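Undergrad: Here is how the chains run, residue by residue.
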Amino acid sequence: GAGVSQSPSNKVTEKGKDVELRCDPISGHTALYWYRQRLGQGLEFLIYFQGNSAPDKSGLPSDRFSAERTGESVSTLTIQRTQQEDSAVYLCASSLEGPALRNEQFFGPGTRLTVL
Amino acid sequence: AQKVTQAQTEISVVEKEDVTLDCVYETRDTTYYLFWYKQPPSGELVFLIRRNSFDEQNEISGRYSWNFQKSTSSFNFTITASQVVDSAVYFCALSEAPYQLIWGAGTKLIIKP
Numbered sequence: 001g002a003g004v005s006q007s008p009s010n011k012v013t014e015k016g017k018d019v020e021l022r023c024d025p026i027s028g029h030t031a032l033y034w035y036r037q038r039l040g041q042g043l044e045f046l047i048y049f050q051g052n053s054a055p056d057k058s059g060l061p062s063d064r065f066s067a068e069r070t071g072e073s074v075s076t077l078t079i080q081r082t083q084q085e086d087s088a089v090y091l092c093a094s095s096l097e098g099p100a101l102r103n104e105q106f107f108g109p110g111t112r113l114t115v116l
Numbered sequence: 001a002q003k004v005t006q007a008q009t010e011i012s013v014v015e016k017e018d019v020t021l022d023c024v025y026e027t028r029d030t031t032y033y034l035f036w037y038k039q040p041p042s043g044e045l046v047f048l049i050r051r052n053s054f055d056e057q058n059e060i061s062g063r064y065s066w067n068f069q070k071s072t073s074s075f076n077f078t079i080t081a082s083q084v085v086d087s088a089v090y091f092c093a094l095s096e097a098p099y100q101l102i103w104g105a106g107t108k109l110i111i112k113p
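Protein chains in written order, with my numbering: chain A, 1 to 116; chain B, 1 to 113.
The hints are simulated quantities; they were obtained by calculation from the structure and are not laboratory data. Treat the numbers as computed from the prediction; the structure is a model and nothing was measured. Keep in mind that the hints are not guaranteed to be accurate.
Below, a list of computed lysine to aspartate or glutamate pairs in the EDC-like style, where the Cα atoms sit at most 20 Å apart [unchecked claim]:
hint : chain 1 : residue 1 : chain 2 : residue 2
1    : A       : 11        : B       : 18
2    : B       : 108       : A       : 44
3    : B       : 108       : B       : 10
4    : B       : 112       : B       : 10
5    : B       : 38        : B       : 22
6    : B       : 112       : B       : 17
7    : B       : 38        : B       : 17
8    : B       : 108       : B       : 29
9    : B       : 3         : A       : 56
10   : A       : 57        : A       : 20
11   : B       : 3         : A       : 44
12   : B       : 3         : B       : 96
13   : A       : 57        : A       : 68
14   : B       : 70        : B       : 55
15   : A       : 57        : B       : 96
16   : B       : 38        : A       : 44
17   : B       : 3         : A       : 104
18   : B       : 38        : A       : 104
19   : B       : 70        : B       : 56
Counterexamples of contact, computed for chain A against chain B with all Cβ distances above 12 Å [stated by the list, open to error]:
hint : residue
20   : 24
21   : 66
22   : 89
Counterexamples of contact, computed for chain B against chain A with all Cβ distances above 10 Å [as the list claims (entries may be wrong)]:
hint : residue
23   : 20
24   : 22
25   : 58
26   : 63
27   : 68
28   : 70
29   : 74
All C-beta atoms in this analysis are idealised placements derived from N, C-alpha and C, irrespective of residue type, glycine included.
Using the sequences and the hints, build the whole thing.
TA: Right under this line is the structure:
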């Protein structure tokens, strides 16, 4: 079956512009996660969705970041007024029946965002 | 405070050598899960193993083995007879209530032919 997909795979934008990143989770996965991975670093949690609601937005680094999920499926992460420090790979993951400690997360290939 | 520590930033070995990647975690929960993920150069994270806090049995899967020791809060990963295809960044992660994964910084493993 299809895995987690993300688009675009690469995005280059100018400082100050808004960007939208898309994630299509595995069908039937109710939990969806967004992470940020800066070059050579580990994963930084951004936000978690259970269904269409986001019980935990604590990882969003600033109010320029927002995310939504519709139809318990597609999610979009929006970054407004991008800054150079937003440059990173943004990873999306989904899992079955969240929240649950034990569920493995399935990751998409990521979107590499470069802010010039 | 850092909850998952992977002290080895980078390890380089020659093919066929055994290599152990260390992971030390910190939690006050009695119920938790530990994970290892692999991130090859292609970038996509791949799940390797999950271990719950009540199961301290070591696990072996082919050339991979994991040693979970609650007494030292460690969950180490060993690759025996390493191969070039094992080259990747390996992440250890801790899952505490209710759902969030806390990730280590990763260990970059380089296997030289």
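Undergrad: Could you run down the list of hints and mark each one as holding or not?
TA: Results of checking the hints against the structure:
1. A:11 - B:18: Outside the cut-off at roughly 39 Å; violated.
2. B:108 - A:44: holds, 17 Å
3. B:108 - B:10: Holds, at roughly 4 Å.
4. B:112 - B:10: The hint holds at about 13 Å.
5. B:38 - B:22: Judged against 20 Å, a Cα distance of about 14 Å means the pair holds.
6. B:112 - B:17: Roughly 10 Å separates the two Cα atoms, so the pair holds.
7. B:38 - B:17: Given that 20 Å is the threshold and the Cα spacing comes to 19 Å, the pair holds.
8. B:108 - B:29: violated, 29 Å
9. B:3 - A:56: Given pair residue 3 of chain B, residue 56 of chain A holds - Cα atoms ~19 Å apart, limit 20 Å.
10. A:57 - A:20: holds, 17 Å
11. B:3 - A:44: Given pair residue 3 of chain B, residue 44 of chain A holds - Cα atoms ~13 Å apart, limit 20 Å.
12. B:3 - B:96: With Cα atoms ~11 Å apart, residue 3 of chain B and residue 96 of chain B stay inside 20 Å; holds.
13. A:57 - A:68: Holds. Residue 57 of chain A to residue 68 of chain A sits at ~11 Å (cutoff 20 Å).
14. B:70 - B:55: holds, 10 Å
15. A:57 - B:96: holds, 17 Å
16. B:38 - A:44: Given that 20 Å is the threshold and the Cα spacing comes to 16 Å, the pair holds.
17. B:3 - A:104: Given pair residue 3 of chain B, residue 104 of chain A holds - Cα atoms ~19 Å apart, limit 20 Å.
18. B:38 - A:104: holds, 13 Å
19. B:70 - B:56: With Cα atoms ~7 Å apart, residue 70 of chain B and residue 56 of chain B stay inside 20 Å; holds.
20. 24: Holds, since 15 Å exceeds 12 Å.
21. 66: Holds, because the least Cβ-Cβ distance between residue 66 of chain A and chain B comes to about 19 Å, which exceeds 12 Å.
22. 89: violated, 7 Å
23. 20: holds, 19 Å
24. 22: Residue 22 of chain B is indeed farther than 10 Å from all Cβ atoms of chain A, at 15 Å.
25. 58: holds, 19 Å
26. 63: holds, 21 Å
27. 68: Check passes; 15 Å lies beyond 10 Å.
28. 70: The claim holds: residue 70 of chain B sits with its nearest Cβ about 16 Å from chain A, beyond 10 Å.
29. 74: holds, 18 Å
Of the numbered hints stated above, those contradicted by the structure are hints 1, 8, 22, listed in ascending order.
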